[in-house]
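*Asks:* Go by the hints and put chains B, C and D onto chain A.
So you can see what is in the structure, the chains are spelled out below.
4 protein chains.
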Amino acid sequence: MGFSFGKNFKLTIFGESHGKIVGSIVEGCPIGLQLKEEDIQEELNKRKPGGELTSKREEKDIVNILSGVTNGRTNGGPILMLIFNKDVDSTWYEKHRYIPRPGHADYPAFIKYGGYNDSRGGGFFSGRLTVGFVMAGAIAKKILTKKGINILTHVIQINGIKAKENISDEEIIKLASKSPVYCADEDASKQMVAEIKRLMEEGDSTGGIIECRVLGLPVGIGEPIFDSVESILAHGLFSIPGVKAIEFGSGFQLCSMRGSQSNDEFYIKEGKILTKTNHSGGILGGLTNGMPLVFRVGIKPTSSISKRQRSVNLITMKETELEIIGRHDPCIVIRAVPVVECVTAFCITDLMMQANMIPRIMSE
Amino acid sequence: MGFSFGKNFKLTIFGESHGKIVGSIVEGCPIGLQLKEEDIQEELNKRKPGGELTSKREEKDIVNILSGVTNGRTNGGPILMLIFNKDVDSTWYEKHRYIPRPGHADYPAFIKYGGYNDSRGGGFFSGRLTVGFVMAGAIAKKILTKKGINILTHVIQINGIKAKENISDEEIIKLASKSPVYCADEDASKQMVAEIKRLMEEGDSTGGIIECRVLGLPVGIGEPIFDSVESILAHGLFSIPGVKAIEFGSGFQLCSMRGSQSNDEFYIKEGKILTKTNHSGGILGGLTNGMPLVFRVGIKPTSSISKRQRSVNLITMKETELEIIGRHDPCIVIRAVPVVECVTAFCITDLMMQANMIPRIMSE
Amino acid sequence: MGFSFGKNFKLTIFGESHGKIVGSIVEGCPIGLQLKEEDIQEELNKRKPGGELTSKREEKDIVNILSGVTNGRTNGGPILMLIFNKDVDSTWYEKHRYIPRPGHADYPAFIKYGGYNDSRGGGFFSGRLTVGFVMAGAIAKKILTKKGINILTHVIQINGIKAKENISDEEIIKLASKSPVYCADEDASKQMVAEIKRLMEEGDSTGGIIECRVLGLPVGIGEPIFDSVESILAHGLFSIPGVKAIEFGSGFQLCSMRGSQSNDEFYIKEGKILTKTNHSGGILGGLTNGMPLVFRVGIKPTSSISKRQRSVNLITMKETELEIIGRHDPCIVIRAVPVVECVTAFCITDLMMQANMIPRIMSE
Amino acid sequence: MGFSFGKNFKLTIFGESHGKIVGSIVEGCPIGLQLKEEDIQEELNKRKPGGELTSKREEKDIVNILSGVTNGRTNGGPILMLIFNKDVDSTWYEKHRYIPRPGHADYPAFIKYGGYNDSRGGGFFSGRLTVGFVMAGAIAKKILTKKGINILTHVIQINGIKAKENISDEEIIKLASKSPVYCADEDASKQMVAEIKRLMEEGDSTGGIIECRVLGLPVGIGEPIFDSVESILAHGLFSIPGVKAIEFGSGFQLCSMRGSQSNDEFYIKEGKILTKTNHSGGILGGLTNGMPLVFRVGIKPTSSISKRQRSVNLITMKETELEIIGRHDPCIVIRAVPVVECVTAFCITDLMMQANMIPRIMSE
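Sequences listed follow chains A, B, C and D, in order. Reading the first sequence from the start, the letters are residues 1 to 364 in my numbering. Reading the second sequence from the start, the letters are residues 1 to 364 in my numbering. Reading the third sequence from the start, the letters are residues 1 to 364 in my numbering. Reading the fourth sequence from the start, the letters are residues 1 to 364 in my numbering.
Excised from the complex, chain A in its bound form (with noise of 0.2 Å):
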């Protein structure tokens, strides 16, 4: 029953890796908003398989958006977006059912399931259901931007490989997409590249940093107590498969700070109140305080390497090995970074509706 989420925005998942389709359903959309296949499209471009340093599995990914929409605007009613899976091959997961891939849910969705999930690719597990999660942001991220919010994502680190520290804001407008692993530093984004490849070739793999910013944010998002800006982001961003960390501003070095150095003092800029710091991140209290929103997520190499490991047969109860045959992502830091976008925009959006801030009608 996890496969929703959000209060005045809502979005459910659904399909499943190997099955006929994945998708998702979007409701509390603002009603009258332009919206075209092609808006999803765009986004899901951005995380689709297939590149250099990616999955082989091609898959274009064709969003249908089947109802909510009526004359190009949405209707107030839930948004069905489909894609139709169509590069399955299923042939190795068959054969391997009870042997389960180190790094995986496959052994505790096994338990859990009483051996019924969906096991193949793994099933509602896999990170192919984020496309699920690019869909609502796309939307999402249309309605931020008629807001004046902007999110600017890229990767800081690869496997050793760290971008230069203090990258502006400009620097990642121009550079980071241009870069094949979304790095807005030139040099160690061609160090990461190199590094990839080489993951690529020993069947390795290995995770990575990716920051986002989001700017342009008014005063007085996030709600009090349980659903902070930091809760409901780190809720939604923890459901993408392999995040396994999360820090904002300053994060774990504001661990080794005095207070007296980590206060973000107030002063007042053209009238309006700014801090002179950004240790916080943007968010005091949970709400975000009109600074740049800053937060990190940690992913973890990806878990299906083609390198022999150890596992079990959960039916024999024996050890045994398993060499994995698929077409995988060997740094799925990559990947990740258009959905770590769309997650974001579609929390902060969900918080705006709850603070009353986007119009139930939004027709331009």
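There may be inaccurate statements among the hints.
Remember, identical chains collapse to one label, so a pair may be satisfied in a single copy or spanning two.
Here are the simulated SDA-like pairs of lysine to any residue, each with C-alpha atoms no more than 25 Å apart in a straight line [what the hints assert, rightly or not]:
no., residue 1, residue 2
1, 36, 84
2, 197, 258
3, 269, 319
4, 276, 98
5, 272, 361
6, 20, 65
7, 7, 362
8, 190, 180
If you're looking for bench data, these hints aren't it; they were derived computationally from the structure.
*Replies:* For chains B, C and D alone, kept in the frame of chain A given last:
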């Protein structure tokens, strides 16, 4: 509207730091469970202010269970638990109503609530509302104990001082509760105490890191996609004021690892499936895998410091200085320990209820 | 887990008839609304026991607002409202613990809760818990009044005695509150009073019908499919103990009509769209159409009667007789009038919030 | 945002009458349940248009299960079920876009959605969306059948024609499905058929009453206060277009009874606790008591009639006449029968899940 949390086990927090009461209401508790005010009080006493290293506000924090319990057992109805605030002094806050304290919710809350929020002591943004988390967590801990689940919580860092690595479960059980800072490394504990005292004298504060290990969990807790164990725990834990970072298992370190290192390989020991390493922190695909659930939360320095700080006046829109006079904790990390443990217990219990792992009637 | 109701405006009820307290907690109230205990008390006094025609239990029902209000205005947090039970006498109930009263929840509750529910006075199945509905409704009525919405509630039948047809809104406003049975037909009112007194003497009880008219509603309240005005009102109203039937507009009479009669044709009057008839009760397709919202609820006779009845002993599983000694209402309909009105106000307010028709800040 | 219903068993409806699709998504279904498209189709065929007494719209209503089922069994994920609309003709609607049909949602929907709703065929306010209820109900019925629960649904009144009183369960089982109007009284059935044909010729319509009896229910279904059996069933049933009245047990007749008559006295038969009468309709204090659950829903005449009616033009704000040309049911009651049954099955299943009466895994 963010005052409630949980699906099958539900918690609603209410009250204000300087209002009449603080408390919580818990719905969905198993029926027939023995529950006395002492059970709740014991947990509350752990986070009570008044110690040598904590705030001087004198609150006995005596809990009153007003509904949901009949003849010493839960009766299936909502459990209302209240604490009447006693030692309230709002003089300073009323004087500084329009000068937001750096690092606090004051500024965005003023904007969000049009000035109608209770700003005394932070109102419902105060850490004082975490008594409500503790009340609910005390009940959750009773339930988990009956299921053989045990939570170990300890401090591994305060300011720059770190506990040694590889602290064993046994050391935590034996030593953490004896340390004034819940640190299971005796040397580090002494240094942490000294550091906090020094900061106290200087009118400054600091942050730190709490680690949690949950032992005895069954396989398969967690719901797919949005209600992964990580999502729910992060949602709950980021509700605790001051928490700015969370990592599960090897967390951010995973970002510099290869899949062949980070994947926890399965093996069989005494008929049980285990993993040799536990980089995943006991969670695969959002579900528990039977290994210890491990995570760390990073807590920022207490925002209220007595050092003079720069701020602004929200009415005159002029910059000004602020000297906070109050009774504040130099290091909120210590008092956050029982809160982190209780939020964890609550989240785990709710997820176990969702997976039908807790009986409706639990009368022994 | 059925103790909460409402989406954007949320109500949680708690307490037991013979426990320490009864009360409710309201979330989502507009911010800055003036709210005094007197506002709540005034509504509570309408359903208070103690009159000539009602139960002799002496409860002053003094409300305490314990959170959510600062300086006389709502502060955006949950509003906790309590009444301490005073006149509790559980002797009879403890003696008859295992003999379920006909017409009451006793028997299924005993089974459902494995005997751990509070059975004294019906526990949380008692009509006493409707004080919580009234508390929340009192707030809702304040909000609706500011929006020019007015609810007229009157009794149109008690036992076989019916009020005349075609009572005007003016008659209800003028006469209903003057009648001891809230009946706007003075002759019928007198007969109803006499009937109730006779039943009281005979140790018997009866039921009746309450009609509600909501005036001044804007067009478009209600959400499509599952949250139609009828669905939400029925959900709320069937939560009132004793309600067994509901009909909107011409209700069951519509089943003997033709479409050409039942369809309310549109016309224009002073620039406003109205309908000539109002068979739909002001609701089309689940949405308000600007005409008066009209519905009737049928309430069964009070189950607790002093006449000897047949029952069974749940432990010995033998048939037995039961004589209820207590302080019961001969006709719960009278005391249900303010409850029906308050539930209606609550439901309408929640639906208006969902349609963004109530501002977040409502400070005049 | 009213497109979803249910707590542990959840249903979301989507689509538009003249859009690409209609359908529903069901979450929380027991795992491992055998489910084929035929199971759903069988129920859908019962409400399909095209018969002698129903709309001439030719929809085969072929269901596609697109997710949630693997190898013929539910896999624990959301079950997405779609029907592609085939026989769509929107000509009339597009021509009369601004002239609301009396008795329909057209007028309030136009106001609520600022004109952006899909008005063709009523959009998502169309009775066509009840296919989604039927799909979910078909699954619920499979689950209930396994638990020995059986729902009998029959028509007891159409226009003024009433079925005889005291129809037995056996008569309903034997005769209702043979009657073109689901009436178990053969004489009344014939009269009803004749009446509908006459109205059809006259271009008029009528309403009627459906009765439901649920047999085999365990004691204790229903949640206290707001989620009583009556509350949940009424919520669900009033979601069906045209339903304007509901009564449980003896319903409105209870309002003219005495407590000594209406109370159902307990007795013991073959070791089971039963009641001699069933005025309560099998529900005490909102909980099932093991007796048959009995209720009746009143359905208004179909709003779409071909007789000329008065209406207004929403743009010119002038009065006008309207002649509806389309393919409408003269008596929606017939086609509502399977819908009422399916909604009932859905509500009961959800409440049983909330009471932990349905296993998580249900693979036989």
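*Asks:* Tell me, which hint numbers fail for this structure?
*Replies:* none
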